[in-house]
Amino acid sequence: DAGITQSPRHKVTETGTPVTLRCHQTENHRYMYWYRQDPGHGLRLIHYSYGVKDTDKGEVSDGYSVSRSKTEDFLLTLESATSSQTSVYFCAISGGRDRNTEAFFGQGTRLTVV
Amino acid sequence: KNQVEQSPQSLIILEGKNCTLQCNYTVSPFSNLRWYKQDTGRGPVSLTIMTFSENTKSNGRYTATLDADTKQSSLHITASQLSDSASYICVVSALYSTLTFGKGTMLLVSP
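One line per chain: the protein sequences are A and B, in this order.
Residue numbering for the first sequence follows the numbering used here, beginning at 50 and increasing consecutively.
Residue numbering for the second sequence follows the numbering used here, beginning at 51 and increasing consecutively.
What the hints contain is simulated information worked out from the structure, not anything from laboratory work.
Bear in mind the structure is a predicted one, so any value in this text is a computation, not a measurement.
The beta carbon of each residue, even a glycine, is placed where N, CA and C say it ideally should be.
Don't take every hint at face value.
Claimed, not checked - Among the chain B residues that face chain A by a calculated CB cut under 7 Å, a handful are: (1) G66; (2) K67; (3) T70; (4) T90; (5) G93; (6) G110; (7) F151.
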């Protein structure tokens, strides 16, 4: 399995509090992604990174910010969590010259906002 | 808008039987199509990746087909096992763009 670690694996937080999810990779892949997965929806892209300090928005980026200060770490922050952000969050990585190469997913973080 | 539609939404089959899952897409310009397996509570794991020029690709008991003209793909599972119970997700990649995910087909293999 690709070396991707998400932390925490589970978190319960209160509405209005800040939350940071971490994705750590040991594969030295260039691209990192954050997705959310909700019942009735496919995985939806929140933000992605194509290099250190290079990030861009996905289709559901409102309410989320990201940072990538090192190749191996990609952080997803909910500045003020809302109940609509209750979801399972997946980090993914891909590498190579063509970014349309194999994507490997982490195990997911289940976030509950109460 | 890029879209990926999968059918059926869910499927129950008996252990040992075969099944075929469908994927239709409107992603353009097409780069590649992937099938992922997602076990409950885990991240998706890649089964196959096919580019425009590939019609068929196999991975053990899994065989994916691609018709780029009709923009359709199928995933055929042979001699199903209980461990095949999972969600199967079709993912299409556009050139120089991000991935578009289908909602998945939930497969239950019953003893």
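>> Hint compliance check: list the failing hint numbers for this structure, sorted ascending.
In response: 1, 2, 3, 4 and 6
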